[in-house]
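Chains A and B are the protein sequences, given in the same order.
As numbered in the UniProt record's numbering, residues 1 to 429 make up the first sequence, in order.
As numbered in the UniProt record's numbering, residues 1 to 309 make up the second sequence, in order.
Just so you know, these hints were derived from the structure itself, not from any lab.
Careful: at least some of the hints might be erroneous.
Dumping the calculated DSSO-like pairs for lysine-lysine here, alpha-carbon to alpha-carbon at most 27 Å [as the list claims (entries may be wrong)]:
| hint | chain 1 | residue 1 | chain 2 | residue 2 |
| --- | --- | --- | --- | --- |
| 1 | A | Lys398 | B | Lys150 |
| 2 | A | Lys247 | A | Lys315 |
| 3 | B | Lys150 | B | Lys213 |
| 4 | B | Lys249 | B | Lys150 |
| 5 | B | Lys150 | B | Lys120 |
| 6 | B | Lys225 | A | Lys315 |
| 7 | B | Lys213 | B | Lys249 |
| 8 | A | Lys396 | B | Lys120 |
| 9 | B | Lys254 | A | Lys196 |
| 10 | A | Lys196 | B | Lys179 |
Here are the computed distance ranges between Cβ atoms for each label pair [what the hints assert, rightly or not]:
| hint | chain 1 | residue 1 | chain 2 | residue 2 | range |
| --- | --- | --- | --- | --- | --- |
| 11 | B | Lys120 | A | Leu289 | 55 to 61 Å |
| 12 | B | Met74 | A | Gly189 | 56 to 62 Å |
| 13 | B | Asp206 | A | Glu286 | 23 to 29 Å |
| 14 | A | Gly189 | B | Asn122 | 32 to 38 Å |
Glycine is no exception: its CB is placed at the ideal position from the N, C-alpha and C atoms.
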Amino acid sequence: MDNPEGMSATLLTNARLIDPVSGTETLGDLRIEGGRITDPGPAGTVIDCRGKCLAPGIVDVGVKVGEPGERHKEGFRSAGAAAARGGITTMVCRPDTIPVIDSPEMLEHARSRAARASVRVHHMAALTRGRGGAEMVEIGFLRDAGAVAFTDGTHVVRDTRVLSRCLTYARSMGALVIGHPQDPGLSAGACITSGKFASLRGLPGVSPLAERLGVERDLALAEATGAAYHLDQVTCAAALPAVRRAKAAGVDVTAGTSIHHLTLNVLDVADYRTFFKVTPPLREEEDRLALADALADGTIDIMGSWHTPQDEESKRLPFEQAASGAVGLETLLPAAMRLVNAGHIDLAGLWRALSLNPARRLGLEGGTLEVGAPADLVLFDPHAPFVLDRWTLASKSKNTPFDGARMEGRVLTTWVGGRIVHDREAARA
Amino acid sequence: MFTQRHLLGIEPLHPLEITALLDRADHYAEATRAGHKHGDALTGLTQINMFFENSTRTQASFEIAGKRLGADVMNMAMQASSVKKGETLIDTALTLNAMRPDLLVVRHPHSGAVNLLAEKVNCAVLNAGDGRHEHPTQALLDALTIRRAKGRLHRLTIAICGDIAHSRVARSNLILLGKMENRVRLVGPPTLMPAGIEHFGVEVTDDMEAGLKGADVVMMLRLQKERMDGGFIPSEREYYHRFGLDAAKLAHAKPDAIVMHPGPMNRGVEIDGTLADDINRSVIQEQVEMGVAVRMAAMDLLAQNLRAA
Numbered sequence: 001m002d003n004p005e006g007m008s009a010t011l012l013t014n015a016r017l018i019d020p021v022s023g024t025e026t027l028g029d030l031r032i033e034g035g036r037i038t039d040p041g042p043a044g045t046v047i048d049c050r051g052k053c054l055a056p057g058i059v060d061v062g063v064k065v066g067e068p069g070e071r072h073k074e075g076f077r078s079a080g081a082a083a084a085r086g087g088i089t090t091m092v093c094r095p096d097t098i099p100v101i102d103s104p105e106m107l108e109h110a111r112s113r114a115a116r117a118s119v120r121v122h123h124m125a126a127l128t129r130g131r132g133g134a135e136m137v138e139i140g141f142l143r144d145a146g147a148v149a150f151t152d153g154t155h156v157v158r159d160t161r162v163l164s165r166c167l168t169y170a171r172s173m174g175a176l177v178i179g180h181p182q183d184p185g186l187s188a189g190a191c192i193t194s195g196k197f198a199s200l201r202g203l204p205g206v207s208p209l210a211e212r213l214g215v216e217r218d219l220a221l222a223e224a225t226g227a228a229y230h231l232d233q234v235t236c237a238a239a240l241p242a243v244r245r246a247k248a249a250g251v252d253v254t255a256g257t258s259i260h261h262l263t264l265n266v267l268d269v270a271d272y273r274t275f276f277k278v279t280p281p282l283r284e285e286e287d288r289l290a291l292a293d294a295l296a297d298g299t300i301d302i303m304g305s306w307h308t309p310q311d312e313e314s315k316r317l318p319f320e321q322a323a324s325g326a327v328g329l330e331t332l333l334p335a336a337m338r339l340v341n342a343g344h345i346d347l348a349g350l351w352r353a354l355s356l357n358p359a360r361r362l363g364l365e366g367g368t369l370e371v372g373a374p375a376d377l378v379l380f381d382p383h384a385p386f387v388l389d390r391w392t393l394a395s396k397s398k399n400t401p402f403d404g405a406r407m408e409g410r411v412l413t414t415w416v417g418g419r420i421v422h423d424r425e426a427a428r429a
Numbered sequence: 001m002f003t004q005r006h007l008l009g010i011e012p013l014h015p016l017e018i019t020a021l022l023d024r025a026d027h028y029a030e031a032t033r034a035g036h037k038h039g040d041a042l043t044g045l046t047q048i049n050m051f052f053e054n055s056t057r058t059q060a061s062f063e064i065a066g067k068r069l070g071a072d073v074m075n076m077a078m079q080a081s082s083v084k085k086g087e088t089l090i091d092t093a094l095t096l097n098a099m100r101p102d103l104l105v106v107r108h109p110h111s112g113a114v115n116l117l118a119e120k121v122n123c124a125v126l127n128a129g130d131g132r133h134e135h136p137t138q139a140l141l142d143a144l145t146i147r148r149a150k151g152r153l154h155r156l157t158i159a160i161c162g163d164i165a166h167s168r169v170a171r172s173n174l175i176l177l178g179k180m181e182n183r184v185r186l187v188g189p190p191t192l193m194p195a196g197i198e199h200f201g202v203e204v205t206d207d208m209e210a211g212l213k214g215a216d217v218v219m220m221l222r223l224q225k226e227r228m229d230g231g232f233i234p235s236e237r238e239y240y241h242r243f244g245l246d247a248a249k250l251a252h253a254k255p256d257a258i259v260m261h262p263g264p265m266n267r268g269v270e271i272d273g274t275l276a277d278d279i280n281r282s283v284i285q286e287q288v289e290m291g292v293a294v295r296m297a298a299m300d301l302l303a304q305n306l307r308a309a
């Protein structure tokens, strides 16, 4: 790979380097060669970043791609294109496909399809067979086959004994378990957060208490078993004290949340707008503000798009019957800029939650600008304004809650392993 | 003074629109009583009643109202239709829309379904009840009944009792009565109260005596049989004991307080049968009569806006 003149290297000059490890933003250069970030040196290609922001590519945990089973909603090729345009260089995909990824063979199939994506793809596997909450999957075989974490997604493992055994077994394998904290009894049948707005609209609601109970149960089990445990989406102020307590007590726990819960609230549902129906449901504004604080102080480790493609038909239904979820690969970065522009967090802090923490927690390379790290990078203009038009999205499904929204933050160029996978100038030419 | 294109709920209405609608309904009530049952306000217009949920009285009331004003009325029993064959609500709406109706009366088991449908059609849509959301003509007929019995529709104390959580009637009523500046009390077991209800500008209590004290109007709600499985209340008889309206509980209200019920009643569950039939206290039959008048008025005013558009 190395050549004495460095002719195959690329030097990115005049960039605002966003470094989540040191927590700094500095003006400087970055050299990439052989697909990795290197020490300064000569380069055959020089790209002037014109003072725009250069950050590690986003590692998005919890992406739903409709393969296998729902390729009409999203395939790896379309998801990869959307990710590249959104500055996401690694998608960590959910196992809640049809059928469920709960065996090494299914995982092998998904991996072969994932080669069509232009960004890196990792897979999570189910924790129990068919996400049924009864029998654990072959955690060892699945890990060997490349599963980076184990989760039943929004299907909560109701039987505490089953979950306890899964956690105990996963610990012995060093496998990460990801849970959806929610009391399934309280949340049954609900499609919105309970409260004044839900009552006004006559929609069946779930109290934030359901999430708190889920967090308390799961963290008690994580503490007892010693397993590595990640809460997929913490979205309520009421659930945060338990997370802080467990972290202070040294439990091997991390917490995630979604960009939608950090930028929207329950009132956005307005007149039954189904593009704002997500799981868990959007919360009150006080919850959103508490989450933003928790993101800034590190209680929340990971933020993701929770990209969930749904076709038009499944959303054009009465709110209760409509499918849940929103696409988010392309809007994650500009939506996250709202948190920066509102003063909740700085760019380096934001990138801890977008790249560094998810990469570390899932044991993936990258997420940093350190020498030797993969050259997975995003160059973006944090202040470029635009109005989102959902029909311009690369995803096959266009179910974004940000349609028509004024946003700031444009991805200019995305590199995966030193290779350009998205270039805005080239795309427009 | 009535500027709405649809009647989807009480929430979008201005108090002056409510008054205009009630004035018009009063006119129709009196005309009907005087024997003038036929008008021509809807002549040449097509009214389709789409009921995705069973209904006898509301559907009959809308049908009579339309016919009295000269509309061509068609009833569609949606449970037996193409919905069963997998057609979506929106496709059903578009199909009907192509038949160029002028008034679409819709009842649906899901909250917000009527709003969704209204976005897709060109005609005026009347909500005949959607999920637990709203039932505007019921609230309007209740308001008209109260106004006729009490001589006014403001500064009254009104107790709404029973299953508030699952009731679209309660929601529309408390919004309407609040807009007209009345004092509204909600009375019922806490398991049947919706979350956050205390933020609606109402008083909430689980004590019938306190709730009825000094009330001008006592509005009872139907306890739905499917709620009696022990999930929300322990039993029918315990419910009747604590929350069923009888003469002893009614004695806490004002001596001239009226008793209302949207029907159908469960005698001996939420209301004592004798009390329901007491013509000195109960206005339940008048409510049904005013239902036709209010629906005539609503369709008349919407048709005027439709023709002006």
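Verification of the supplied hints:
1. As the CA atoms of Lys398 (chain A) and Lys150 (chain B) are separated by approximately 54 Å, the hinted pair breaks the 27 Å bound.
2. With a C-alpha separation of about 38 Å, the suggested pair Lys247 (chain A) and Lys315 (chain A) falls outside the 27 Å cut-off, and the hint is violated.
3. Between Lys150 (chain B) and Lys213 (chain B), the direct Cα distance comes to roughly 17 Å. Compliance with the 27 Å bound is thereby established for this hinted pair.
4. A hinted pair counts as satisfied when its Cα atoms are at most 27 Å apart, and Lys249 (chain B) with Lys150 (chain B) qualifies at roughly 21 Å.
5. A threshold of 27 Å between alpha carbons decides the hint, and for Lys150 (chain B) with Lys120 (chain B) the separation of about 41 Å lies outside it, so the pair is violated.
6. For the proposed pair Lys225 (chain B) and Lys315 (chain A), the alpha carbon gap of about 32 Å is over 27 Å, so the pair is violated.
7. Between Lys213 (chain B) and Lys249 (chain B) the alpha-carbon distance is near 9 Å, which keeps this suggested pair within the 27 Å criterion.
8. For the suggested pair Lys396 (chain A) and Lys120 (chain B), the alpha carbons sit about 24 Å apart, so the restraint of at most 27 Å is met.
9. Proximity of Lys254 (chain B) to Lys196 (chain A) is assessed by CA-CA distance (about 31 Å); at most 27 Å being required, the pair is judged violated.
10. Taking the CA atoms of Lys196 (chain A) and Lys179 (chain B), the gap is near 17 Å; set against the 27 Å cutoff, the hint holds.
11. Between Lys120 (chain B) and Leu289 (chain A) the CB atoms are about 37 Å apart, so this pair departs from the stated range of 55 to 61 Å.
12. In this structure, Met74 (chain B) and Gly189 (chain A) break the distance hint of 56 to 62 Å, their C-beta atoms being roughly 34 Å apart.
13. For the pair Asp206 (chain B) and Glu286 (chain A), the supplied restraint of 23 to 29 Å holds, since their beta-carbon distance comes to about 27 Å.
14. A C-beta distance of roughly 35 Å is found between Gly189 (chain A) and Asn122 (chain B), which places it inside the suggested range of 32 to 38 Å.
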